[in-house]
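Spelled out, the chains give:
There are 2 protein chains.
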Amino acid sequence: MRAIGDDAAVLSAGTRTCLLATVDVLNESVHFSLDSTSPYLLGRKSLAVNISDIAAMGARPLYCLVGLSLPKHMSLDFVRELYRGIQAQAKRFKVALVGGDTVAARGVLSIAVTLIGRAEKRRIVYRSGARPGDLVFVSGTLGDSALGLALLQQGSPVSSRNHLIRRHCDPEPRVALGQALAHACLATSMIDISDGLAADLGHILEQSRVGAELQLEHLPLSKAYQRQCPSLCDDFYAPAVCGGEDYELLFTAAPRRRKAVAECSRTAGVAVTCIGRITGPGGKLRIFDSTGREYTPVKKGFCHF
Amino acid sequence: MRAIGDDAAVLSAGTRTCLLATVDVLNESVHFSLDSTSPYLLGRKSLAVNISDIAAMGARPLYCLVGLSLPKHMSLDFVRELYRGIQAQAKRFKVALVGGDTVAARGVLSIAVTLIGRAEKRRIVYRSGARPGDLVFVSGTLGDSALGLALLQQGSPVSSRNHLIRRHCDPEPRVALGQALAHACLATSMIDISDGLAADLGHILEQSRVGAELQLEHLPLSKAYQRQCPSLCDDFYAPAVCGGEDYELLFTAAPRRRKAVAECSRTAGVAVTCIGRITGPGGKLRIFDSTGREYTPVKKGFCHF
Chain A
0 MRAIGDDAAV
10 LSAGTRTCLL
20 ATVDVLNESV
30 HFSLDSTSPY
40 LLGRKSLAVN
50 ISDIAAMGAR
60 PLYCLVGLSL
70 PKHMSLDFVR
80 ELYRGIQAQA
90 KRFKVALVGG
100 DTVAARGVLS
110 IAVTLIGRAE
120 KRRIVYRSGA
130 RPGDLVFVSG
140 TLGDSALGLA
150 LLQQGSPVSS
160 RNHLIRRHCD
170 PEPRVALGQA
180 LAHACLATSM
190 IDISDGLAAD
200 LGHILEQSRV
210 GAELQLEHLP
220 LSKAYQRQCP
230 SLCDDFYAPA
240 VCGGEDYELL
250 FTAAPRRRKA
260 VAECSRTAGV
270 AVTCIGRITG
280 PGGKLRIFDS
290 TGREYTPVKK
300 GFCHF
Chain B
0 MRAIGDDAAV
10 LSAGTRTCLL
20 ATVDVLNESV
30 HFSLDSTSPY
40 LLGRKSLAVN
50 ISDIAAMGAR
60 PLYCLVGLSL
70 PKHMSLDFVR
80 ELYRGIQAQA
90 KRFKVALVGG
100 DTVAARGVLS
110 IAVTLIGRAE
120 KRRIVYRSGA
130 RPGDLVFVSG
140 TLGDSALGLA
150 LLQQGSPVSS
160 RNHLIRRHCD
170 PEPRVALGQA
180 LAHACLATSM
190 IDISDGLAAD
200 LGHILEQSRV
210 GAELQLEHLP
220 LSKAYQRQCP
230 SLCDDFYAPA
240 VCGGEDYELL
250 FTAAPRRRKA
260 VAECSRTAGV
270 AVTCIGRITG
280 PGGKLRIFDS
290 TGREYTPVKK
300 GFCHF
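Protein sequence lines, in the order shown, are assigned to chains A and B. Take the first sequence: its position 60, counting from 1, is numbered 59 in numbering that gives the first Met the number 0, and each next residue is one higher. Take the second sequence: its position 184, counting from 1, is numbered 183 in numbering that gives the first Met the number 0, and each next residue is one higher.
Since copy identity is lost for identical chains, a pair holds within one copy or between any two.
Computed list of lysine to any residue pairs in SDA-like fashion (alpha-carbon distance at most 20 Å, straight line):
(1) 90 with 10
(2) 90 with 11
(3) 90 with 9
(4) 120 with 11
(5) 93 with 11
(6) 120 with 14
(7) 71 with 32
(8) 258 with 276
(9) 71 with 31
(10) 222 with 150
(11) 258 with 182
(12) 90 with 79
(13) 283 with 210
(14) 71 with 39
(15) 90 with 80
(16) 222 with 272
(17) 71 with 38
(18) 71 with 107
(19) 120 with 16
Since the hints were derived computationally from the structure, they do not count as laboratory data.
I would like the entire structure built from these sequences, with the hints used as guidance.
Shown next as structure tokens:
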């Protein structure tokens, strides 16, 4: 739950530029299990999910602060590896780790990361700008992270080179794409996929007061997804529609800007796929299969295998 | 432990002004007990300790983000009261609550507050500026919070109007004083007292590479302290020297600015007392009683009754 209706809060700063700030808390046994990640990857991911929030506003991540609650049994090696992961991710995205508070905890490990970014005021992309007729785009591929988690829960090792497991443990925030889309004023609305395509598109629809129609066969699925999903999930599309934590960008743009969107995709080096269109005003999310039949996700925001 | 050597990190923003950011994590059973506070007061305090960090740099608090980890047994009423306390404190200091992440936790309640403030670059006060010959000042009174905690631990009710308990449960960040001192360029170094006078002055001495001599009989003690300390603590001065969480400002200033410091104290409506002087370069903290004998705190940073 976020107190604010967008991925990050926009703070007024100068006349032209704005600061953005976001906080995400990751708790052991709720958001991650120490059995299915390494402290290094956990450090990377805890920063990635925040960077992704800033990317989804079309902004540039700049500073981060880390509040770390450590149970007493945690080893110094563990903490070192966790921080190595945080530092490595920060370096990749030129984020300065400016502050922190490391404290003892009675319960389990908890990581609260605050990220501060900056953007030009008039280029910030909100969830509220989707208009009827806009096309719906998504970056990368969908559902990999949910399948990766399923594999980990079945006992696959974290160290595996399996694409799906990598996608779950070490997601890649789409900063360059978010900024390119914002800079060219292409995205009318944007969000990152943390809760799942259906749930996160739902946030855009709610904030923009529009509906949407998606085509199931247009959803971008990785080869690993296509190969491994049938053995992991009865419903072939459920992980793509409902699985969370892909941290891909989901955005809308006017149909006449389609070529410019493709150009941004090339520049940022990330595939972008058109998966449907915005309807309305008002209305809801409807997903159709190739025969024109409506598809109903198992449960919004969660993939129940 | 802070990753950075001052109460808040200074982020470069414009050419004249700077942003400051700080994060503090408060964990149940480590930083507070739900037996010895109310959710409303806990909310107020969780923001106060961060506001105090910003005040100690001479800056103005502006925005806050709250990361809340809630165990499942926590009632909605509890969370409402906690947020009412956060909101009330935010309003008092004109801080905008701009973001938050409220998540489930397996263990205990954890509150991570990030505060962002602003200051003129050249007026920011660091811990590193104390010079030999400077006078050492402290705002308000010392040791009340530690004695208040002792009373709570002995079973006094949170709702008590006891001054010491109020001071522990609802500390007052000295924002107006911090800003006045910074604006007049009076404080050469400053810190807020969270770990205790001896420990926090120790941070100034370390960062400034100086020593200090304090006079025990100059330490400002409240009437409640003077009345109740003898029944709570064998060493009459230990709570004032070693007790934490007073959130008073501890700062140094040149002797010739003494009148100007008194003027700031009047403007801000907070008593300021000169408790000693900076020695050095190098050296350490020495505390003397009225007979000229050196006083040794029981243990730095903690008051062991």
